[in-house]
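Number of protein chains: 4
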Amino acid sequence: MKALVYAGGTKKAFEEHANPEIQSPTDAIVRVTKTTICGTDLHILKGDLPSCKPGRILGHEGTGVVEKAGPGVAAFKPGDRVLISCISACGTCMYCRRLMYSHCTTGGWILGNTIDGTQAEFVRIPHADMSLYAIPAGVEEDAMVMLSDILPTGFECGVLNGRVAPGSTVAIVGAGPIGLAALLTAQFYSPAALIMVDLDANRLEVSKRFGATAVVSNADGKAADAVMRLTDNRGVDTAIEAVGTPATFELCQQLIAPGGTIANIGVHGTKVTLHLEQLWDRNITITTRLVDAASTPMLLNTLKSHKIDPRLLITHRFKMDKILDAYETFAHADKTKALKVLIEA
Amino acid sequence: MKALVYAGGTKKAFEEHANPEIQSPTDAIVRVTKTTICGTDLHILKGDLPSCKPGRILGHEGTGVVEKAGPGVAAFKPGDRVLISCISACGTCMYCRRLMYSHCTTGGWILGNTIDGTQAEFVRIPHADMSLYAIPAGVEEDAMVMLSDILPTGFECGVLNGRVAPGSTVAIVGAGPIGLAALLTAQFYSPAALIMVDLDANRLEVSKRFGATAVVSNADGKAADAVMRLTDNRGVDTAIEAVGTPATFELCQQLIAPGGTIANIGVHGTKVTLHLEQLWDRNITITTRLVDAASTPMLLNTLKSHKIDPRLLITHRFKMDKILDAYETFAHADKTKALKVLIEA
Amino acid sequence: MKALVYAGGTKKAFEEHANPEIQSPTDAIVRVTKTTICGTDLHILKGDLPSCKPGRILGHEGTGVVEKAGPGVAAFKPGDRVLISCISACGTCMYCRRLMYSHCTTGGWILGNTIDGTQAEFVRIPHADMSLYAIPAGVEEDAMVMLSDILPTGFECGVLNGRVAPGSTVAIVGAGPIGLAALLTAQFYSPAALIMVDLDANRLEVSKRFGATAVVSNADGKAADAVMRLTDNRGVDTAIEAVGTPATFELCQQLIAPGGTIANIGVHGTKVTLHLEQLWDRNITITTRLVDAASTPMLLNTLKSHKIDPRLLITHRFKMDKILDAYETFAHADKTKALKVLIEA
Amino acid sequence: MKALVYAGGTKKAFEEHANPEIQSPTDAIVRVTKTTICGTDLHILKGDLPSCKPGRILGHEGTGVVEKAGPGVAAFKPGDRVLISCISACGTCMYCRRLMYSHCTTGGWILGNTIDGTQAEFVRIPHADMSLYAIPAGVEEDAMVMLSDILPTGFECGVLNGRVAPGSTVAIVGAGPIGLAALLTAQFYSPAALIMVDLDANRLEVSKRFGATAVVSNADGKAADAVMRLTDNRGVDTAIEAVGTPATFELCQQLIAPGGTIANIGVHGTKVTLHLEQLWDRNITITTRLVDAASTPMLLNTLKSHKIDPRLLITHRFKMDKILDAYETFAHADKTKALKVLIEA
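Protein chains in written order, with the numbering used here: chain U, 1 to 345; chain V, 1 to 345; chain Y, 1 to 345; chain A, 1 to 345.
Some clues are possibly wrong.
The list treats identical chains as interchangeable, and a pair is accepted whether it falls inside one copy or across any two copies.
As the list claims (entries may be wrong) - In silico SDA-like pairs for lysine to any residue, Cα to Cα no more than 20 Å straight-line:
1) K77 x R98
2) K304 x N233
3) K12 x R163
4) K208 x A333
By construction, these hints were calculated from the structure, which means they are not laboratory data.
Let the sequences and hints guide you as you build the complete structure.
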């Protein structure tokens with residue numbers, strides 16, 4: 001089969017690769033129908049993730065059709081249309097019993113990282129019963145692809161951890177795909193204010209269409225002042241960090257109201273400064289989280305009932321044999337205005 | 001009356017001072033029967049708290065007898081024996097309605113800080129209905145003094161924020177009075193492990209008597225390794241920071257298990273480093289809090305029912321006219337082995 | 001002044017009454033600008049509430065202008081436009097500290113019950129700081145009247161207690177004003193299904209306009225079957241009882257899914273049957289609650305940010321001197337299709 | 001092998017039975033080393049549980065050694081010493097993902113009910129990875145047997161659902177084995193009052209030894225009055241129903257304070273009366289639950305750390321070939337004072 005393979009360093013190749021096989025009774029082989037590219041894939045291609053070795057097929061998002069199911073797979077059979085979760089989980093280890101699937105002792109985020117991923121014709125899914133979801137009748141497959149990673153990530157790491165609540169005030173720092181996923185899912189809880197902060201004028205425009213009640217450019221470095229003005233100088237109840245840099249984490253500390261929560265989604269490559277000399281007595285909570293995808297069944301319900309339309313996030317479409325073009329488009333989002341690029345078999 | 005007055009810089013005096021008067025209908029004047037000294041008082045005497053101006057009577061802990069009650073005080077009358085909370089709260093502002101009494105817009109920690117405090121013969125207590133508590137029959141007044149600040153601080157900022165739970169593992173970094181208060185109140189929740197970390201051998205000995213399941217000296221800088229060994233290399237579910245330095249906050253980050261909570265109690269004077277490059281994907285929660293004393297009624301219940309004996313914390317006793325000696329003893333705890341020093345009228 | 005007075009038995013009169021006076025330092029006198037009639041007022045007029053004695057001015061909802069404020073009132077002064085909460089609360093008693101304002105030892109629901117109410121030119125409001133709310137600029141006073149009782153009741157007793165959540169399924173039994181208030185506020189949490197059950201075809205029609213995802217008539221006594229069909233035979237996660245009869249409480253027990261919550265809002269005059277022989281092993285929660293109005297600040301935020309429009313509930317308007325006509329209209333809602341009738345000074 | 005078999009009606013037999021075999025890849029066969037008898041077994045032997053058919057081996061508690069493990073069992077291998085949970089759970093179905101293992105679509109309470117149980121030489125355990133637990137070094141096997149059912153049941157259905165908290169007041173109605181298990185595990189949370197109510201003087205005596213702060217005999221039908229006296233006429237914050245009759249559920253309604261929780265553990269055979277005409281406005285919560293055994297890992301931690309000694313519950317010991325004597329002893333607990341009877345291979 002053809003697959004997008006990490007070639008080490010900053011290199012990748014779309015090349016011939018052996019088909020995956022069942023390795024464990026609980027594995028399933030899925031024929032991929034749709035996939036997409038994640039910011040994390042770009043991180044790998046910068047050489048930032050030593051866990052991902054050369055020769056690895058990338059990709060941890062997608063939908064497909066079950067091709068084979070191991071004898072220990074109870075919930076799925078060949079021919080079933082499925083969503084592939086970015087998180088594989090055994091369901092029985094100490095972490096899985098606490099619903100911390102991201103820390104599953106034999107799973108977690110392994111797809112397209114420590115085992116071959118979804119940017120290929122076929123993919124092997126371990127712990128299939130816990131890691132695949134049936135696609136409900138009447139739900140568009142395009143929308144489902146957004147449930148592999150980006151929607152649960154924005155929702156769990158940003159909205160749930162950030163305790164977004166009716167009538168509360170929320171700032172999301174970073175209006176990229178993940179910040180926008182937080183913006184969409186934050187609206188499940190009807191906050192009074194949903195303020196998006198970014199440097200990119202286009203993304204702030206998109207944020208308005210996606211439901212932001214206000215947008216703030218930090219091009220002048222004065223976003224904190226602007227957010228204070230928008231909140232009667234109280235700051236926000238929830239600040240969601242959706243970039244992953246010391247500067248944006250610092251901004252969140254400036255924005256947060258007493259009693260508030262800073263929910264980190266960003267992937268951080270370096271340490272940051274925490275101003276405990278200012279925050280020690282302000283009753284603040286700071287959270288970090290790798291998506292557990294524990295909310296996937298609930299997100300499926302919101303999708304079926306039309307409470308959210310994640311297709312808004314899809315800006316470009318490619319056939320699988322043009323996946324290198326898809327990478328180009330996604331990697332230059334500043335020019336192409338790409339959010340999520342859909343790649344179809 | 002005689003009072004312990006902050007004289008600016010690093011100076012204090014035990015001197016004559018005018019008696020306090022009712023200033024608002026909800027004020028009460030309390031004749032102080034017992035008081036004590038807090039680590040924060042020492043901070044003031046290092047010149048660290050600009051909010052506390054020269055001429056201020058120090059002290060925010062104590063018990064006493066109501067001398068006068070303003071016309072708006074409903075719950076207390078002259079002659080009532082009372083506990084004085086370190087936190088004054090109106091009960092009606094936006095923060096008080098969220099039980100964040102520490103952020104009361106006309107209260108919070110003001111006693112011995114922005115208004116005169118309890119290290120005197122008399123003290124004016126604003127918002128008396130919310131800021132005083134009747135001393136129940138059968139409860140020792142000595143024990144009550146520990147409920148002014150140290151017990152609710154250890155419990156709310158450390159134990160509650162740290163989500164200590166039956167069967168969980170807890171490390172408390174810092175075995176001073178506040179760390180020991182956390183140690184005592186953590187036992188309300190029956191954790192499986194309660195590991196105390198400190199540099200001082202005496203305090204670690206005391207910790208054992210107070211219920212620690214293990215003690216770890218960080219004299220060799222290897223406390224993190226020792227805690228890992230004690231927890232099957234998982235780390236602890238709760239790490240309570242009870243010192244207030246970058247190094248001890250760093251240690252908490254090394255100790256914490258995936259899914260765990262770092263609950264900060266320490267008063268920090270400088271910024272700290274947060275290792276988001278290691279913690280962003282470990283589902284960690286970090287909390288800060290100034291004590292709200294919202295748990296005082298509950299702590300009174302545990303005291304009445306003998307679930308805790310906070311008199312364990314009292315190591316020395318002085319008469320009020322020897323308060324300067326009490327300060328000496330408390331300031332040199334490394335030599336005197338002082339925890340809390342009780343000062344009696 | 002003129003006031004609507006309960007005359008004992010099933011009688012009422014709109015008659016001359018002495019103006020209220022400040023009785024306690026924390027009282028305020030409010031000139032009523034708008035008020036309304038509650039189902040509970042009709043209960044009183046059936047002789048159902050012995051706590052309400054003849055001679056009592058009825059009414060516990062409304063807006064107005066502060067006329068006088070006692071010396072202990074800190075937050076309001078004459079001339080302030082205010083919302084009157086149906087719940088009076090001291091803010092400092094054992095129950096108020098738990099945010100159970102409904103059980104305030106010197107407050108709770110007393111207006112138009114054990115003290116004179118709002119269906120008059122003036123009303124005395126005890127504990128004014130906790131029991132009045134400033135009307136924010138830009139919010140319509142008509143909408144505010146719905147925040148006195150009906151919106152916090154539907155929200156706290158039905159939605160919050162019922163743990164309505166994104167993607168969950170909800171049935172509300174009873175589409176009267178209180179059930180509709182639950183319907184409106186349930187949407188703060190984006191449930192997947194919001195099924196309204198009633199006997200009245202008009203109210204079911206109204207429910208559709210208010211956001212119900214399905215409506216079920218129980219005219220044939222087969223509502224339980226219909227709800228089961230709508231939920232893949234699972235039942236609902238939340239069943240809100242908004243009528244107050246044994247039959248409707250029974251229906252909720254038939255509708256509820258394993259793990260679900262039955263949240264009672266209805267005022268019950270007789271005991272009911274609880275089928276523990278069927279429910280003991282189904283992990284069910286049942287809640288009761290008298291509104292605490294603890295959510296009023298949050299509801300004000302949702303109103304200011306246009307997340308809800310409670311004016312939808314207002315079907316009729318009357319001048320105060322036509323209040324007897326308003327009672328006629330409201331008492332015959334089956335014919336008049338009245339939901340809430342607004343009475344203006 | 002020999003096994004205790006339900007013979008229909010009120011009959012049982014200790015007789016030869018075919019050994020169990022692996023039926024599914026995730027099954028394990030366990031050689032039973034210790035088991036016990038549950039009140040539910042007596043219910044079956046009264047003909048009360050139609051789900052349990054004649055020919056069924058009874059028993060859902062015990063410890064043992066893994067004899068065989070199916071190819072889909074990852075966590076256990078032959079020779080492992082294990083605790084058998086009374087709840088079998090797949091870990092992946094809709095209910096298991098919510099930690100409602102009792103409602104697992106292919107598990108739940110099936111052992112000794114719809115499949116053969118543990119009162120035999122060998123037992124087949126479905127979903128072995130989720131339904132067995134390794135016995136930690138240093139923990140007595142006798143104590144472990146109490147973790148199969150009685151401890152998690154008392155803890156989850158009574159203590160957790162009842163929201164027992166430090167400083168709170170608790171009444172447990174019923175001092176049989178399950179009520180005593182609630183009494184033991186309630187102490188994890190340091191309530192201020194733990195009042196046991198029963199008719200049997202011996203069980204009340206036992207309760208005192210197990211940590212009750214007060215005991216109340218309801219022999220005179222006046223337990224409610226006595227509990228009110230013990231709680232300053234407030235009632236209790238938590239009432240745990242551990243009998244399963246209309247009268248004891250009624251008593252719980254009389255005991256409960258405003259804002260309190262009635263947590264039902266009792267197995268009810270008939271409907272009960274709920275006094276909503278008294279409770280509708282008292283902010284009460286009522287919960288039901290079939291044990292999920294989701295707390296088993298946590299209970300293991302408390303056992304390992306000696307926070308609880310469940311061997312206190314064991315009053316009698318029998319060899320397996322005397323199991324009919326064990327049944328006699330357990331069935332006549334009023335005379336034999338039996339709590340739990342341990343049956344050893």
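Right, here's what the structure says about each hint:
no. : hint        : in the structure
1   : K77 x R98   : neither (28 Å within a copy, 24 Å between copies)
2   : K304 x N233 : between (40 Å within a copy, 17 Å between copies)
3   : K12 x R163  : neither (39 Å within a copy, 45 Å between copies)
4   : K208 x A333 : within (18 Å within a copy, 42 Å between copies)
The structure is inconsistent with the numbered hints 1 and 3, although it conforms to all the rest.
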